[in-house]
Amino acid sequence: MNIFQIIVTILILSVLFFISKYRGVLFRRAFYILLTLIGLILLFFPNLTQKIADILGIGRGTDLLTYAFILFSWFWFISTSVKIQNLEQTITRIVRDSAINNVINAGNNKSQQSH
Amino acid sequence: MNKSEPKQRIWVVVPAFNEEKIIGEVLFSLTKEGYSVLVIDDCSTDTTKEIALSFPVVLLHHSINLGQGAALQTGFDYICSNTNADFIVTFDSDGQHNIEDIKSILYPVIRGTHDVALGSRFLNTSDKTLLVNGMPKLKLLTLKAGVLFTRLTLKLKLTDTHNGLRAFSIDALRKIKITQNRMAHASEILAQISKNKLSYCEVPININYTEYSKMKGQSILNSLNIIWDLFFGRNQ
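In the order they appear, the protein sequences are chains A and B.
Its first residue numbered 0, the first sequence is counted upward by one per residue in numbering that gives the first Met the number 0.
Its first residue numbered 0, the second sequence is counted upward by one per residue in numbering that gives the first Met the number 0.
These are calculated hints, taken from the structure and not from any lab test.
Keep in mind that a hint or two might mislead.
What the hints assert, rightly or not - Some but not every residue of chain B turned toward chain A, in silico, with C-beta under 7 Å:
| no. | residue |
| --- | --- |
| 1 | L59 |
| 2 | H61 |
| 3 | A69 |
What the hints assert, rightly or not - No farther apart than 16 Å at their CA atoms in a straight line, the calculated lysine to aspartate or glutamate pairs in the EDC-like style are these:
| no. | chain 1 | residue 1 | chain 2 | residue 2 |
| --- | --- | --- | --- | --- |
| 4 | B | K48 | B | D76 |
| 5 | B | K20 | B | D45 |
| 6 | A | K82 | B | D228 |
| 7 | B | K176 | A | D96 |
| 8 | B | K174 | B | D45 |
| 9 | B | K31 | B | D100 |
Since the model is a prediction, treat every value here as computed from it, not as a measurement.
Where is the CB? At the ideal position from N, CA and C, for every residue including glycine.
Let the hints inform the model, and build the full structure from the sequences given.
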């Protein structure tokens, strides 16, 4: 066990600790735990990536990791964008409803606040 | 214009964000003409709201800044559910539109020949030089790109796709639902005109390219943001 493996193991274990606290969708949590465990396994058996790469027809194990990382990043980016968008729409709806419910009618020279 | 159409049932929707320098002038002439005016204050940080309140208008206030598209839709929602409007005009608050153009843009909609009338700064055949006068060259190029983009993606044949002056019949307005909070709403409105098969026409109008409206207007770089919003911000 070299120093790199020790450091990363500590990091991964702390990440696992945070994921276990995270109260999200069960599927999401399971996905992240699985991902971390895979990372842990690959850390101690780096040759495994080469074997998987060979099966998939990719030249090197490191390439496989790069591709996986890019794919994961995209997945994360898109799911986060969708979430932000939904949030924005919710905020818009709230602000819009409150604007319409609190119409100020300057025509009658009085402010009317209704709910 | 049809004489029997009472002006109170024509609603002019004015979305406003930090326009204290000019909005008083705009609202003064709109209310003097006798139109019903709806101002949507998109959480201005200046005195826009206070100035608007000194005119006989209806004011809606966004508690946070959402963008022009959102402000327009707030106005549309209010008009559809709370007024007896027959016709609706959208009018920018930065003084770039002329009050007289409202009559011409309303004409096809009131006459009933079209559901929607869209203002075009490029359609004025009488004086081509005047129109492009004062408009920055790059701006012209960007607008032309928008026209081409619309022609290709929506199959709408228009000469000006990003003009804030529009007229709708109330039935047409009920079919428009803007979900793009920021500036991509101009293209979104066109997309919904196309999707709902609303009949539309363009009306030549003039844009005042004053130093003020140029400063307040859309920067050309923002058109990249608009395209991004259109592709990635599209509603699921």
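Verification of the hints:
1. Among the interface hints, the one on L59/B holds; its C-beta lies about 4 Å from the nearest C-beta in chain A, closer than the 7 Å criterion.
2. The closest approach between the C-beta of H61/B and any C-beta of chain A is roughly 5 Å, which is under the 7 Å cut-off, so the hint is satisfied.
3. With a least beta-carbon distance of about 5 Å to chain A, the hint placing A69/B at the interface is held under the 7 Å criterion.
4. Between K48/B and D76/B the CA atoms are separated by roughly 20 Å; this puts the pair beyond 16 Å, and the hint is violated.
5. Between K20/B and D45/B, the direct Cα distance comes to roughly 10 Å. Compliance with the 16 Å bound is thereby established for this hinted pair.
6. Under the criterion of a C-alpha separation no larger than 16 Å, the hint pairing K82/A with D228/B is consistent with the structure, at around 15 Å.
7. Taken as a hint, the K176/B and D96/A pair is honoured in the structure, with Cα atoms around 15 Å apart against an allowance of 16 Å.
8. With a C-alpha separation of about 33 Å, the suggested pair K174/B and D45/B falls outside the 16 Å cut-off, and the hint is violated.
9. Taken as a hint, the K31/B and D100/B pair is honoured in the structure, with Cα atoms around 15 Å apart against an allowance of 16 Å.
Hint compliance for this structure: hints 4, 8 are broken, all remaining hints hold.
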